[in-house]
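*Asks:* For reference, the chains in residue letters:
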Amino acid sequence: MSLFRIGIYLAAICALALPQGSAFAQQKEFEGTKIVVNGFGGNLDDVLVESVSKPLKDQYGITVEIVPGSVASAYAKAMTSRSNPAFDVLITDDITLRAATKAGLIEEVSAADVPNMTQLYPNFVPLGGYGLPFFASVCALAYNKEHVKTPPQALSDLANPELKGRVGIFNLESVGGVVSLISLAEANGGSIQNLDPGFAKLKEIAPNLATATSSPVEMYNLLQRGEIWASWFWSGRVNALIDQGAPLAIVVPKEKLRGNLDFVSLVKGTKSRGAALKFMNQITSAQASLAIARSVYFGPTNQTVTLPSGIEKRVLPYGAEMIASMPPVDWDAVVAKRASWIERWNREMR
Amino acid sequence: MGQFLRRLAWSRDIYLAGLLTPAVVAVMLILSVPIAWLVRISLYPQDQSYDLSGWSAVHYIKALTDDLYLGSLARTTLYSLIVTVGTAILGFPLGYAAARGRLRRWKIFFIVLPLTLSLIVNIFGWIMILGQNGLLNSVLLSVHLLDQPRQFLFGVGTVLVVLGHTYLPFQILSVMSVVTQIEPMLEEASASLRGNRWVTFRRVIIPLAWPGIVAGSTIVFILTISAFIIPQLIGGASVQMYAVFVFQQMMTVLNWPFGASLSLILLVVALGFATVFRTIGSRTEEPKSAVAK
Chain A
1 MSLFRIGIYL
11 AAICALALPQ
21 GSAFAQQKEF
31 EGTKIVVNGF
41 GGNLDDVLVE
51 SVSKPLKDQY
61 GITVEIVPGS
71 VASAYAKAMT
81 SRSNPAFDVL
91 ITDDITLRAA
101 TKAGLIEEVS
111 AADVPNMTQL
121 YPNFVPLGGY
131 GLPFFASVCA
141 LAYNKEHVKT
151 PPQALSDLAN
161 PELKGRVGIF
171 NLESVGGVVS
181 LISLAEANGG
191 SIQNLDPGFA
201 KLKEIAPNLA
211 TATSSPVEMY
221 NLLQRGEIWA
231 SWFWSGRVNA
241 LIDQGAPLAI
251 VVPKEKLRGN
261 LDFVSLVKGT
271 KSRGAALKFM
281 NQITSAQASL
291 AIARSVYFGP
301 TNQTVTLPSG
311 IEKRVLPYGA
321 EMIASMPPVD
331 WDAVVAKRAS
341 WIERWNREMR
Chain B
1 MGQFLRRLAW
11 SRDIYLAGLL
21 TPAVVAVMLI
31 LSVPIAWLVR
41 ISLYPQDQSY
51 DLSGWSAVHY
61 IKALTDDLYL
71 GSLARTTLYS
81 LIVTVGTAIL
91 GFPLGYAAAR
101 GRLRRWKIFF
111 IVLPLTLSLI
121 VNIFGWIMIL
131 GQNGLLNSVL
141 LSVHLLDQPR
151 QFLFGVGTVL
161 VVLGHTYLPF
171 QILSVMSVVT
181 QIEPMLEEAS
191 ASLRGNRWVT
201 FRRVIIPLAW
211 PGIVAGSTIV
221 FILTISAFII
231 PQLIGGASVQ
241 MYAVFVFQQM
251 MTVLNWPFGA
261 SLSLILLVVA
271 LGFATVFRTI
281 GSRTEEPKSA
291 VAK
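Protein sequence lines correspond, in order, to chains A and B. Per the working numbering, the very first residue in the first sequence carries number 1; after that it's consecutive. Per the working numbering, the very first residue in the second sequence carries number 1; after that it's consecutive.
By construction, these hints were calculated from the structure, which means they are not laboratory data. Ideal placement from N, C-alpha and C gives every residue a C-beta, glycine not left out. Among the clues, some could well be false.
[Said to hold, decoys possible] FRET-style restraints, in silico, Cβ to Cβ:
hint, chain 1, residue 1, chain 2, residue 2, range
1, A, Pro122, B, Ala274, 56 to 62 Å
2, A, Gly189, B, Ala57, 37 to 43 Å
3, A, Glu31, B, Arg12, 56 to 62 Å
[Stated by the list, open to error] Think about it this way: if two alpha-carbon atoms lie no more than 27 Å apart in a straight line, the pair counts; the simulated DSSO-like pairs of lysine-lysine are:
hint, chain 1, residue 1, chain 2, residue 2
4, B, Lys62, A, Lys102
5, A, Lys57, A, Lys34
6, A, Lys337, B, Lys62
7, A, Lys254, A, Lys337
Please put together the full structure from these sequences, using the hints given.
*Replies:* The structure is reproduced here in structure tokens:
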């Protein structure tokens, strides 16, 4: 009797183990499923293909289509295709995440859906399961070591007359411009509710401005060609320029580091929920976080990532201590007030 | 007999209507529906992109009373007129030369060539030429016309030059297509009637080429008044063209109703000027048709 039982157990174990052991014998879990995600274009999408799409294809048979573009245009597209979603997973930033959540465009996920969620830095998950961060970027000071004699230490140092006509900054259409304005205001006695001191500093910088743009590509180009010598810019992009041999240096401004997170959100009504959740789990994994930090120098959001010594100092923000010291940004206030700030900029800065 | 002709004309109308149908349907779908949608959006009272309901003209009132937006609209229209006149003056001789003489195919090729470039490539090309480390500065410095590099980028003048350069091919092609149809014998006839070159140019060539100039100008005007990438990237901090505001509202602030109002105001202004151009165009066409009779 007991021998018979053992036999049954053995048979059961074999039956369970066999299909998993021989991959060819069984279809992958999501074989033939395709999900559509918005991307950024350029290097970052290449990293995502390498560290997210490929493992998903190998492991689960999921095909990921990344549609490059801006986060805002993807949001617009998602908003106008709600009955038949254009994206299964929406990549958002701090501002579009709030708008998308309020608009009921996205569905909340839990750690049961996306196990890697528990590994994320808690203060990088402001809206819980509505948006899982997969990289952090900060707006730091960049200056040209060949041309600038007194390196700027603070954002307000961009008003130094030495830099006349050689400063490029993000305007308020870019989140980089918004956080810099908040930093300028807070460091000079203001707050997000009272940006007057920030605007006053901006006006001091204005005579030095070559351009105020919302385009990272333009900023990159102008820094690379030496057209501008100092700017506030995404530190990841400055690192890429340094790798190319541009004589640039990054300074953490006295006003403290502020930045932006990029999130993945599950689009409500997606027809490939399971595959979409696998994508969200993979993009927030330590493996993907590390790959993003290595190639484009954006800060990892997964706490378990340890950066190699070569880039440990260059990636901002990195490490529990630095991340804890970053002042929070009241994004709801930003969403509520940015229109009036942009209008004020349009009136006062031109 | 009369009945037969009428029936013939009728069947011809049906035939023409049949030919037009696909295009009309396509235009209805891809143009009218989004514009109707835009009109609806512009009439919501809210300042956001979701939970829109109700009716209000508040966004139009703001756009049409606020100095910031009115001033920008006036300036944008002025810039567009400058670019249009500039491309007409530059484009006419080029179009005329391209239409006459040999190697026409090659000329067309070189005129169209810049249009095959992506606008962004074009813009970064201009940044390389006009920047402080750019070609123009290094030439001016080497011939000692400048002591130190000057910033030619990031100003209204530069924006107008780049807009003009980008849209000039449309003007040239339009003039060219009309000049090709002008019989060179008419110019010879003018000469044989003792009209000198200036008289021939003013009384024969210009009136006959006028529809082409007006058509080209209309295209250039509409493209310029709605331009936003060029002013955004080359204009720097000081140039405020209207379409940039539309982009700001639609894509950054996500205030779709206000963005829609701004874009429809721009559309009305552009169509208004296009109508004016058409009237100018048809008025001077009359002598030509008189000659033809």
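*Asks:* Evaluate each hint against the coordinates.
*Replies:* Here is how each hint holds up against the structure:
no. : hint                            : in the structure
1   : A/Pro122 x B/Ala274: 56 to 62 Å : 57 Å, holds
2   : A/Gly189 x B/Ala57: 37 to 43 Å  : 41 Å, holds
3   : A/Glu31 x B/Arg12: 56 to 62 Å   : 58 Å, holds
4   : B/Lys62 x A/Lys102              : 26 Å, holds
5   : A/Lys57 x A/Lys34               : 10 Å, holds
6   : A/Lys337 x B/Lys62              : 17 Å, holds
7   : A/Lys254 x A/Lys337             : 25 Å, holds
The structure fails none of the hints (numbered hints given earlier).
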